[in-house]
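Trainee: For reference, the chains in residue letters:
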Amino acid sequence: MNNNVIDQSKDITILELLDRVLNKGVILTGDIVISVADIDLVYLGVKLLLSSVETMDQLKSGTKKAE
Amino acid sequence: MNELIYLYCISDSLPDPGFNQGQDEIQVLTFGTLNVFVKYVPKSEFSEENLKKNLADIIWLEGNARNHVKVINQLMLQINVMPFNFGTIYTEEEHLKKFVTEYSEKIIQNFNIIKDKEEWSVKIYCDRKELSEKIDELSEISAELEKQIMASSPGKAFLLRRKKTEMVETEMDRLCKFYGQKYYNAFESVSEITSINNLLPKEYTGRTDTMILNAAFLVFRSNVSEFLKTMNDLKKSDECSGFKLETSGPWPPFSFISIK
Chain A
1 MNNNVIDQSK DITILELLDR VLNKGVILTG DIVISVADID LVYLGVKLLL
51 SSVETMDQLK SGTKKAE
Chain B
1 MNELIYLYCI SDSLPDPGFN QGQDEIQVLT FGTLNVFVKY VPKSEFSEEN
51 LKKNLADIIW LEGNARNHVK VINQLMLQIN VMPFNFGTIY TEEEHLKKFV
101 TEYSEKIIQN FNIIKDKEEW SVKIYCDRKE LSEKIDELSE ISAELEKQIM
151 ASSPGKAFLL RRKKTEMVET EMDRLCKFYG QKYYNAFESV SEITSINNLL
201 PKEYTGRTDT MILNAAFLVF RSNVSEFLKT MNDLKKSDEC SGFKLETSGP
251 WPPFSFISIK
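Protein sequences appear in the order of chains A and B.
Start counting the first sequence at 1; every next residue gets the next number (this note's numbering).
Start counting the second sequence at 1; every next residue gets the next number (this note's numbering).
Errors might be hidden in some of the hints.
Below are the DSBU-like pairs computed for lysine-lysine, each with C-alpha atoms no more than 35 Å apart in a straight line [said to hold, decoys possible]: (1) B:LYS53 with A:LYS47; (2) B:LYS39 with A:LYS47; (3) B:LYS182 with B:LYS129; (4) A:LYS47 with B:LYS97; (5) B:LYS129 with B:LYS97; (6) B:LYS182 with B:LYS134; (7) B:LYS97 with B:LYS43; (8) B:LYS98 with A:LYS47; (9) B:LYS235 with A:LYS47; (10) B:LYS260 with A:LYS47; (11) A:LYS47 with B:LYS244; (12) A:LYS47 with B:LYS43; (13) B:LYS115 with B:LYS134; (14) B:LYS182 with B:LYS97; (15) B:LYS147 with B:LYS244; (16) B:LYS156 with A:LYS47; (17) B:LYS147 with A:LYS47; (18) B:LYS164 with B:LYS182; (19) B:LYS182 with B:LYS115; (20) B:LYS182 with A:LYS47.
Label pairs and their in silico Cβ distance ranges [as the list claims (entries may be wrong)]: (21) A:SER51 with B:LYS115: 54 to 62 Å; (22) A:ALA37 with B:THR208: 41 to 49 Å; (23) A:SER51 with B:LYS163: 35 to 43 Å; (24) B:PRO17 with A:ALA37: 35 to 43 Å; (25) B:ILE79 with A:ASP31: 34 to 42 Å; (26) B:SER258 with A:TYR43: 42 to 50 Å; (27) A:ASP31 with B:MET167: 30 to 38 Å; (28) B:MET167 with A:SER51: 50 to 58 Å; (29) B:GLU192 with A:TYR43: 25 to 33 Å.
Listed next, the stretches of chain A that the computed footprint assigns to chain B, with coverage defined by at least 3 CB atoms under 8 Å from CB atoms of chain B [claimed, not checked]: (30) 22-33; (31) 42-50.
I should point out that these hints are in silico values taken from the structure, not numbers from a laboratory.
Keep in mind the model is a prediction, meaning the values are calculated, not measured.
Every residue, glycine too, gets a C-beta built ideally from N, C-alpha and C.
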């Protein structure tokens, strides 16, 4: 019986996910691998995504003043 | 045409036939005693150039990364697995064979470490605003100073209040260390190996509170219920203190693999 599913159903954040699949495990093998520079770009994308989500939330809740 | 070899994970054993439950795409390549779980993918998606392009597409990346973990997690229910980093691709089976053969000793050593265990993630966040509001409950020094302020003349109270503002910052730092260590010790006592990972800034977590601990714990499967009990007890006991405990798992042992 698998009794370890308590948190599996919970939505794992993209950050948590990328933190593992991009930076850990058996790395630096393969004919094609994702480079550190590529990972930096991915994180830049995540940062932009999060800041735009935040801006959307602020706009929705009306806390962001019109500029 | 699917001509590139995408790597999920490697195992020293095989799951029951039919493990992939209709997901025919997952195949096993066996080299000696080691089995590599792979799928064949098209160059249009995974060639070096196209993979780079796709990484910029967060929707593509998230879907593929989730699938990567899902497949490995399913296998982990039956056998010990070592996950590959997402996006590890071979153009030729021969190259993969060379890697597995060359590193087989190291790979087997890693299996001895991760055997019958799974990884759990623990992140602790502190809401400093909430903590500062509860500081008198959590810090004796702060509570004592507050008493003095209440008993002082307005002039003296003003000066003491200024002193307290500075002191609260130091006390909060101390409490963060104290609680971080307390949680870490509690989880460590029910784990085999631990790994402390970098703290992530707010711009990556998208949260308003501050990460004070980012750790991974390698736990014996037979000990996971104890680990979860520890987690629930800590969550209950400290839910009002301004500290938030975020756990996730079971993960394949991503943080505990060292091949090179």
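Trainee: Taking the hints in turn, state whether each one holds.
Mentor: Taking the hints in turn, this is what the structure says about them:
no. : hint                              : in the structure
1   : B:LYS53 with A:LYS47              : holds, 18 Å
2   : B:LYS39 with A:LYS47              : holds, 31 Å
3   : B:LYS182 with B:LYS129            : holds, 21 Å
4   : A:LYS47 with B:LYS97              : violated, 38 Å
5   : B:LYS129 with B:LYS97             : violated, 55 Å
6   : B:LYS182 with B:LYS134            : holds, 19 Å
7   : B:LYS97 with B:LYS43              : holds, 21 Å
8   : B:LYS98 with A:LYS47              : violated, 38 Å
9   : B:LYS235 with A:LYS47             : holds, 29 Å
10  : B:LYS260 with A:LYS47             : holds, 31 Å
11  : A:LYS47 with B:LYS244             : holds, 22 Å
12  : A:LYS47 with B:LYS43              : holds, 29 Å
13  : B:LYS115 with B:LYS134            : violated, 44 Å
14  : B:LYS182 with B:LYS97             : violated, 45 Å
15  : B:LYS147 with B:LYS244            : holds, 29 Å
16  : B:LYS156 with A:LYS47             : violated, 47 Å
17  : B:LYS147 with A:LYS47             : violated, 44 Å
18  : B:LYS164 with B:LYS182            : holds, 26 Å
19  : B:LYS182 with B:LYS115            : holds, 28 Å
20  : B:LYS182 with A:LYS47             : holds, 31 Å
21  : A:SER51 with B:LYS115: 54 to 62 Å : violated, 42 Å
22  : A:ALA37 with B:THR208: 41 to 49 Å : violated, 30 Å
23  : A:SER51 with B:LYS163: 35 to 43 Å : holds, 37 Å
24  : B:PRO17 with A:ALA37: 35 to 43 Å  : holds, 42 Å
25  : B:ILE79 with A:ASP31: 34 to 42 Å  : violated, 26 Å
26  : B:SER258 with A:TYR43: 42 to 50 Å : violated, 23 Å
27  : A:ASP31 with B:MET167: 30 to 38 Å : violated, 58 Å
28  : B:MET167 with A:SER51: 50 to 58 Å : violated, 34 Å
29  : B:GLU192 with A:TYR43: 25 to 33 Å : holds, 30 Å
30  : 22-33                             : holds (count 12)
31  : 42-50                             : holds (count 7)
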